[in-house]
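Chemist: Next come the chains, spelled out residue by residue.
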Amino acid sequence: MTPMPMTSMPLMEVKNLTKRFGGLAAVNDVTFAVAEGEILSVIGPNGAGKSTLFKLASSFLAATSGKVFFKGEDITSQSPHIAARKGIVRTFQETTIFRNMTALDNVVVAHHLRSRASLPGFFFGTKTAREDEGRFRESASEILDYLGLGDVKDMVASTLPHGHLRALGIAIGMAAEPQLLLLDEPFAGMNSEETAQAIRMVRGIRDRGVTIILVEHDMSAVMNISDRIVVLNFGKKIAEGTPAEIQNDEVVIEAYLGREDESEDRTCTLKP
Amino acid sequence: MGQVLFNGMYTGVQYSLIALGLTLIFSLMNVLNFAHGQLYVLGGFVTYYVYGGMKLPFFAALLASALTLAAVGCLFQIFFFRPVMRRSVREESSMLLSAGTAMMVESLVLIFFGEKHRGVPAVVNGVYELGGVFVPKGRLLVMGLSFLCMVAFILFMRYTKPGRALRAMAQDSETACLMGVNTARYAILGWALAAMLAGIAGAILVPISGVNSGLGNWISIKTFIMVMIGGAGVISGAIAGGLVLGIIESLGYHFFPGGETYLIIFVGLIVFLAVRPNGLMGKAV
Amino acid sequence: MAKVKTALGASLFLLVYLVLIPWLFRDQPYRLGVLTTASVLSLISAGVWLMFYIGRINMGQGGFALVGGYAAAILVSKLGLSFWVALIGAGFITVVISILVGLPLLRLKGVYFSMITLSLTETARLAAQSLSSLTNGTKGILNLPLPGAVEIAGFTLIPDFASVDKHFAFYFLGAFLTILGFAALYRVVNSRLGWLFRSLQQNEDLASSFGVDVPRLRVIALAICALFAGIGGAFFVTMQQSVYPATFTFQDSTYFLLYCFLGGLGSVWGAFVGTFVLFLSFEMLQGLNQYQPLIYSLIMIGMMLWLPNGLLSIKPPFFGPGEPKKEEARP
Amino acid sequence: MKKVLAVLFAITLVFAGVSAASAADKVLKIGVLGVMSGPAASWGLVNRYCAEAAAEIINEQGGFEIGGEKYEIQIVAIDDRNDPKVAVSGAERLIYEEKIHYIIGPNIDPTSMAIVPVIEKGGAISIPYAFSKKLFTAPASNSILGMIASYQAGPVIYKYLMENKGIKTIAFVARNDSESLNQRDEGVEAAKSLQLEVLADKDTYEPGTTDFFPVMSGIVTKKPDLLVLAGAAPADTPLLIKTARELGFKGILSTETAQDAKVIAELAGEAADGFISVGGASTPEIRSAQMEEFMKRYEKVAGEWNDEAGTKVYALEIILNTLKQAGPEAIEDISKFKTAMDTFSMPNPYLKDGRPLHYIGIPYFQQRRQISVPMVVNVYEGGDFKTLFVGSVE
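Chains as they are written, first to last, in the working numbering: chain A, 14 to 285; chain B, 7 to 291; chain C, 7 to 337; chain D, 4 to 397.
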């Protein structure tokens, strides 16, 4: 557990961020920061505003008020692709992959930001474009090998076993060479063995120099992996600190106990 | 001006009734029913034959149109849409299928009912004049009937078991399925209802406007406009869209007597959708 | 090996398309005309096919074709430009308009996009009717001249259409434009651009998460789509020597979709095959006269019921292993 | 690629293989090209049914005699869906595949204009039911107007009403398509030259409109003496009339196109009494026995009589009789036909008074490019049209 080095400038800073849907504030005046090299988790009961916060941070939603800074630069309410260009890349839950492409192609496409050729260059198949293509394939293979998908890289993504899909999602995120990777529930639906493996994987990514923010339900995994944790309830930040601090926080315990009965309703979605 | 507003209301109420059926199908199965205008025409022809030809009372004709069209709706779902949608969930398939059914219904209507414009004698004759506004009785009857149908439809959706099941399906058909709604059966019911609404709209209007086999496409296009204004898949949106289009159309004809009205409506629609992509009341897509 | 095969196939195709067909129909101007029309319609449909490829159902292609047609007619008749300049100008104008319209509208997805593009066709028709100082209103622009000669340094590259058999001249011009269009489409699909378009088709959010400028790519796709429509429309109008608000209608817009679907969305050639099969059989069905739209609609419904992936997905035994199936269902 | 090739190959061969049925000896084919589906389907269908009914009668009598030989008359009908490009391919098909040189139709300006280059190149005559003067004035010379144009009927009707009903003001409402708008513009010009005061000439409604309240309420407040429904389709006319009356319109309503009494009776009823239109040339007062026979046959072919058929029956009749006068070579060579047109004349077989049936139009087109269909102006009364007066055009 590395304590947050408060001296250097934080990689991402969220200040007084608010998002309203109609009259309802899904995220209400939330402020926190993440330092380079950190793993920060955002947790909270259902409906606490975690995924809204996640989308705001990755520019997939426009904020109602408040700011998001990345390396000191205001990136609030930009387009997602601009955020990606600056180095902020998010992943999705497992089903969001290119289902009709092979695993390898999924990752090759995701190398988009690294291409040097222009769009006309692609069209006419210039030398640069062809070189890019070769490099991307190599790099994609490397990423897939690293994430343990080397054996299935030529399988069409929709036919991959469930466990591999999430890793593929992360591989897609990695391909864009992020400085900050936002992971959307990376451990959901995993058994303890798989979770342990996934935790090692996420740590490994951090060790490659990528800062990580993750939104997660699995408490034990969160406590295990996080450097720091931000807790939301009803859109507001109610606590922030190291896992040990959070585990003993009265407010957090109250928030979870009071809502426990509702945490079941997630299981009823059948959507692929 | 009073006349213009009355015209707008009158047109708007009819439009709302037409749009209801389209939006119902859209919310239930995410299908854009191109044949909606053709179903309307078919409903009109049934009434023409029962009321105009067989000389039965108008309400019998209305009932005949409703039942015939409900049957056609069931057949559509059972023989066309269910098999296609079971296999392919792509929007393209269902859309082209419905474009195909639109052409089919139109050509069948042409073959069976002929190319002529058909009308029936007015159900009620006479005109009220209220403060300079001419209000023909026939039109009041149409407005009243349309309004009744809409109220009946809304009550049905809100307070009966099938209505609630349909609404659950529109919300989320998988969850509805989990909750024990027989979605296959209710999809048929949904189609029957939607086609019936189109048929009733057609039938109500025959004594006023008459009907001919070529009307369908333009009615469908207008219905699409209403649904885009109001927001697809929401009952309130269909009603609002219909009224708004009716009034805009009436105002347009008043202020731009040339052919510009619909050009302006279309351009306005593009601008409107750029600002409010989901229409007035639509759910996010 | 694969390359040799492709080259062989391509040259055989060109042989049939550019030599055999014109020779077979040398004395039948009507049939040559029908084949020319089919070529151009397939070019316009190819634009719709590309929109399918990025996951949008474009029901406004008739409108874009009408814009192209009018642009060419106005450039030729009002500004006195040569057909060849007008052809390029029409493409350019259509592209500019598609970008202006596309920027707001491409944000709409699914059925919404289809409905609004459907209205575009009507908008184009009504605009052609109302802007009468430019378009001559409902009377249309008539008596457009045939394309003139193109000469470079005294060498006649293309003869004056009036001086040769115009049916042949139009056939070859149409075939040339169509080949050019489909070659471009082939390149787009088989280059990195194609990967990006496919990523858009499957999931726009995911694509933007790794830095793809989704709005820009969508506009690019629509611009290419509109370019095909503009060029096709300009050619068509010149071939007919007149343009009216009804030259391309709502009905045409739906037919373009059907052509693509009939051929198959999984292959670049889908639009080509679909247009030729449907348009030509349509011409042959003319004898059945009033039942023709009925038969047509039954084909359409039958397709959806039994052949959802298009004609090119059929694998007759003598073909060996057909082309790999690409697209079955998208969740 | 292989499949693309195979498909292209197959379709080409099939397409090449489908050959037009070879014409047997002594068959004279006449084409009908017009709109036979969609909202205006009745226009083209009436042309077709007329030609088919007339041909049936002729063929039962052993054919039509030209140059001492009897020809069986065969009608080839093509639906152009009111679409100029379909009309062009249809015309090419009639000319090159069916080897036809005489085409009845099309029904509207855009389609009629679109086929002009085709018929000129292919050497064919068309008889359009569209009014654009460009079709009939030089350099065009292959189209013959098959009916009375609105700009011919309009002034006659306006003048009659000025003299007999004392109208002073006039207003126009038109359908928003080329045909109607052109007719309106012609009508406005004619009215102006008659010194009528034009109160409204911009109001239009969309094709497919079923509710005419919005468009009518504006125009009715202007209280014109005469309200002209320019180019009104049979489907729209009764609704326009009824709406105008419901809105309290007291003036006279008229149109310059043919209308269908049955539809008017069904939809407008009494409201339509006094409505003036140009009729099919077959009102009971003037029609001959031959017309009665034709009407029976028409009903057999089409299911029911349509007033427009009274006008459209003339096309086939005059083509055949002109061919008879011009001789058998004219079947292939339309220049012979055109020469014969200038002198051709026969007693009108469908009218009792036996006025001549010939080619007219010199004041309008500077050449004879119109069939001398009698101009019957009708007034609607109690469910049917009564002849108001029978005029003629030079």
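There's no promise every hint is true.
Among chain C residues calculated to face chain D with C-beta under 10 Å, some are [to be verified]:
1) 19
2) 40
3) 41
4) 132
5) 133
6) 161
7) 163
8) 165
9) 254
10) 269
11) 286
12) 287
Coverage of chain D stretches by chain B, computed from C-beta distances (three or more under 8 Å per stretch; other residues unrestricted) [stated by the list, open to error]:
13) 216–222
14) 245–251
It should be emphasised that the hints constitute simulated quantities derived from the structure, not laboratory data. Quick caveat, the model's predicted, so the values are computed rather than measured. Glycine is no exception: its CB is placed at the ideal position from the N, C-alpha and C atoms.
Chemist: Could you run down the list of hints and mark each one as holding or not?
Modeler: A quick look at each hint next to the structure:
Proximity of residue 19(C) to chain D holds as hinted, the smallest CB-CB distance being about 5 Å (cut-off 10 Å). Using the Cβ-Cβ criterion of 10 Å, the hint placing residue 40(C) at the interface with chain D is satisfied: the shortest such distance is roughly 6 Å. For residue 41(C), the interface hint holds, since its Cβ comes within 10 Å of a Cβ in chain D; the closest pair sits about 8 Å apart. At about 8 Å, the closest approach between the beta carbon of residue 132(C) and any beta carbon in chain D falls short of 10 Å, and the interface hint on this residue holds.
Against a cut-off of 10 Å between C-beta atoms, the interface hint on residue 133(C) is violated, since the closest Cβ of chain D lies about 13 Å away. The criterion of a C-beta within 10 Å of any C-beta in chain D is not met by residue 161(C), whose closest approach is roughly 29 Å, and the hint is violated. Hint on residue 163(C) is violated. Least Cβ distance to chain D is approximately 25 Å, over the 10 Å limit. With a least beta-carbon distance of about 18 Å to chain D, the hint placing residue 165(C) at the interface is violated under the 10 Å criterion.
Annotation: residue 254(C) was flagged as interfacial toward chain D, and the flag holds, the nearest CB pair being 8 Å apart, inside 10 Å. Proximity of residue 269(C) to chain D holds as hinted, the smallest CB-CB distance being about 8 Å (cut-off 10 Å). Annotation: residue 286(C) was flagged as interfacial toward chain D, and the flag holds, the nearest CB pair being 5 Å apart, inside 10 Å. The restraint placing residue 287(C) at the interface with chain D holds, with a minimum CB-CB distance near 8 Å, inside the 10 Å limit.
Using a Cβ-Cβ cut-off of 8 Å, 6 residues of the stretch 216–222 of chain D lie near chain B, which meets the minimum of three, so the contact claim holds. Proximity of the stretch 245–251 of chain D to chain B, defined as three or more residues with a beta carbon under 8 Å from a beta carbon of that chain, is established by the 3 residues found.
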